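Here is how the chains run, residue by residue.
Number of protein chains: 2
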Amino acid sequence: MDESPQSFDRVLSSMCTPPHPVAREAAERFLATNPGDPASFPSVARLEERAVDTLGEVAGLDDPAGYVASGGTEANLQAVRIAREHGRNDANVVIPESAHFSFRKAADLLGVELRVAPTDADGRANLDAVAELVDADTAGVVAVAGTTEYGRVDPVPALADLAADAGALLHVDAAWGGFELPFTDHAWNFADAAVDTMTVDPHKLGRAAIPAGGLLAREESLLESLTVDTPYLESRTQVTLPGTRSGAGVASAAAVLDELWPDGYRDQRRRIRDTAGWLADELDRRGYDVVDPELSIVAFDVDTRVFEALRDEGWRVARTGDGELRIVCGPHVTRDVLGEFLDDLDRRAADVGTGHRANPGAGSR
Amino acid sequence: MDESPQSFDRVLSSMCTPPHPVAREAAERFLATNPGDPASFPSVARLEERAVDTLGEVAGLDDPAGYVASGGTEANLQAVRIAREHGRNDANVVIPESAHFSFRKAADLLGVELRVAPTDADGRANLDAVAELVDADTAGVVAVAGTTEYGRVDPVPALADLAADAGALLHVDAAWGGFELPFTDHAWNFADAAVDTMTVDPHKLGRAAIPAGGLLAREESLLESLTVDTPYLESRTQVTLPGTRSGAGVASAAAVLDELWPDGYRDQRRRIRDTAGWLADELDRRGYDVVDPELSIVAFDVDTRVFEALRDEGWRVARTGDGELRIVCGPHVTRDVLGEFLDDLDRRAADVGTGHRANPGAGSR
Chain X
307 MDESPQSFDR VLSSMCTPPH PVAREAAERF LATNPGDPAS FPSVARLEER AVDTLGEVAG
367 LDDPAGYVAS GGTEANLQAV RIAREHGRND ANVVIPESAH FSFRKAADLL GVELRVAPTD
427 ADGRANLDAV AELVDADTAG VVAVAGTTEY GRVDPVPALA DLAADAGALL HVDAAWGGFE
487 LPFTDHAWNF ADAAVDTMTV DPHKLGRAAI PAGGLLAREE SLLESLTVDT PYLESRTQVT
547 LPGTRSGAGV ASAAAVLDEL WPDGYRDQRR RIRDTAGWLA DELDRRGYDV VDPELSIVAF
607 DVDTRVFEAL RDEGWRVART GDGELRIVCG PHVTRDVLGE FLDDLDRRAA DVGTGHRANP
667 GAGSR
Chain F
307 MDESPQSFDR VLSSMCTPPH PVAREAAERF LATNPGDPAS FPSVARLEER AVDTLGEVAG
367 LDDPAGYVAS GGTEANLQAV RIAREHGRND ANVVIPESAH FSFRKAADLL GVELRVAPTD
427 ADGRANLDAV AELVDADTAG VVAVAGTTEY GRVDPVPALA DLAADAGALL HVDAAWGGFE
487 LPFTDHAWNF ADAAVDTMTV DPHKLGRAAI PAGGLLAREE SLLESLTVDT PYLESRTQVT
547 LPGTRSGAGV ASAAAVLDEL WPDGYRDQRR RIRDTAGWLA DELDRRGYDV VDPELSIVAF
607 DVDTRVFEAL RDEGWRVART GDGELRIVCG PHVTRDVLGE FLDDLDRRAA DVGTGHRANP
667 GAGSR
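Line by line, the protein sequences give chains X and F. This note's numbering numbers the first residue of the first sequence as 307 and each following residue consecutively. This note's numbering numbers the first residue of the second sequence as 307 and each following residue consecutively.
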């Protein structure tokens, strides 16, 4: 083939990161297996059970129900589907406007009314705004633990109380934040609040190979509404959205969770937190408006011409809905990489004449 | 890890097969890429375009629209979704009872009424039965080109005419059959009939790595109803069900389609056809009731005790809804493997005393 894979060196906007070496090794070994057919591929099915058990530990849940999904979109969609079946006809689901676009996809697919609550100025769900949208037809409320754009953590316990009062389920989307939050003071998981379902993706900060999302549920019975009969397989039912599934994703998740939970992820959290803090300081000293990084995403205002020039130079960067340049400090985004990025940013800002200071902290990396 | 991947040696019931060496090589190279974010991972996005173009050649369609899906379930679900948007409220979709269970999953998710038409005695869609279920609210009709249980091919042109007369879309599920049918006399594809959408999976007989399903559409406009905005990615919209997607699946599909289309797949068709015919003859000579293999699936009556004994010996076999043992003669299912299987079958049948002849054609392999 004449194409080469994009190197992750200059990918600063991805919620994913290169798989950990043990994840890659397991993915390659289990490439030709299908956990969607557990009677034919029993060993990878056992690895999936193990991965779900460890995900339960990550998320504060003994004896978790769930499975390794194709990604966060599938997990969020299945959670909305569980809520729909839990509710009445004409069910609605209330999300903060910071929720991932997969909820719009899910609502469109499932025919569920989506009610979108404005967030606070800092990007967290506003409790009053959510409460105002909840009514007798509300089947589910969504809290985000690590928003895609700014890494914000919603007030999960208060949202869970609000959902419980309405007889609705609470879903937490911790697709990206779930491997950083266990090492913070945030209240976000099954042990902290009356959470019913959660998305937490091994293939993001968990460092598994794509595709390895995670759907967790407090009770096995919550998965019942997802069940379909599987007439030609020796296993008799299936709860996943895809039929055939990636053994590479499942095995890599099991392997890396074994390897890194909890100490390896704790070290990773410390490293990426330090990097994000350092980057925010560097940008601040240059005079950029920086959105305070709660988790390891840094967003800052950028001139469109500078942004385009950086993309032309090969930097894989993206913007928030409000136009800030957004850097996800995954494990592959080191200070060395960011130092090169800052040099290019300084040069392009000077070319355009944005008035930002260039390299005020030279030598500080 | 203490688990080993299931070897494919004894897997006789899977629609999948080990990836071709060029598919494996490409999957490993592109493991850490995400075609769901084409602005950050442009090379794998180009490979996806190439794969879709070649899938169009496989399916008789110039300038195809579509994408590499997580598998046949996603592709079938998206086709039902396209039909739903094409129709009115209260849309129904008519399927033959031989259709894959993913259509039940799709209908449940999408809130679409599924009408199931009985098949002929030979397992093909019955035109009269389908016509009886089609009405003014029918938004889609499904034809199967290679059924999961018996490898049967529905009368696609007649079903397409029927759908067109009703103002409905025609979807062909060739998830498994699509890489065998181009080398047969069947009328099944976009060139043969007024087909609107099709499922054809590289990760089955196409020999790509999981996950690599295929959704094709005659016109780009058919995909419009799948579109969601993607606020934080530099690409602006997305039609796929998952967000993050497997670069391994996409790159492996592109690589193996380059390598095998058309001559390699023609040779493969000849080999698996010969094997299926040989197996059917061997079983017939032993006195089993064998369902005539139209494509390369062989099903035959089996005593439950024999079936269980074979599974206990490690054979990964499965049964149809009617209880026949079903062998999918994928490229990894060689005469040597089947010879060992027949020896075990003969021994177990003798143990149980089913009265079948053992090894009547010894030496004929």
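Just so you know, these hints were derived from the structure itself, not from any lab. It should be emphasised that the depicted structure is a prediction, and the values quoted were computed from it without experimental measurement. Even for Gly, the Cβ is constructed at its ideal location relative to N, Cα and C. Please note that the accuracy of each hint is not assured.
[What the hints assert, rightly or not] Which stretches of chain X does chain F cover? Using the computed rule of at least three CB atoms under 8 Å from a CB of chain F, they are:
hint	stretch
1	586 to 598
2	603 to 614
[What the hints assert, rightly or not] Stretches of chain X that chain F covers, calculated by requiring three or more beta carbons in the stretch to come under 8 Å of a beta carbon on chain F:
hint	stretch
3	327 to 334
4	395 to 401
[Stated by the list, open to error] Take a look, some chain X residues computed to stay more than 12 Å from chain F by CB distance:
hint	residue
5	G366
6	E380
7	D434
8	D498
9	D564
Hint numbers the structure violates, sorted upward?
-> When the structure is compared with the hints, numbers 1, 2, 4, 6 and 9 turn out to be violated.
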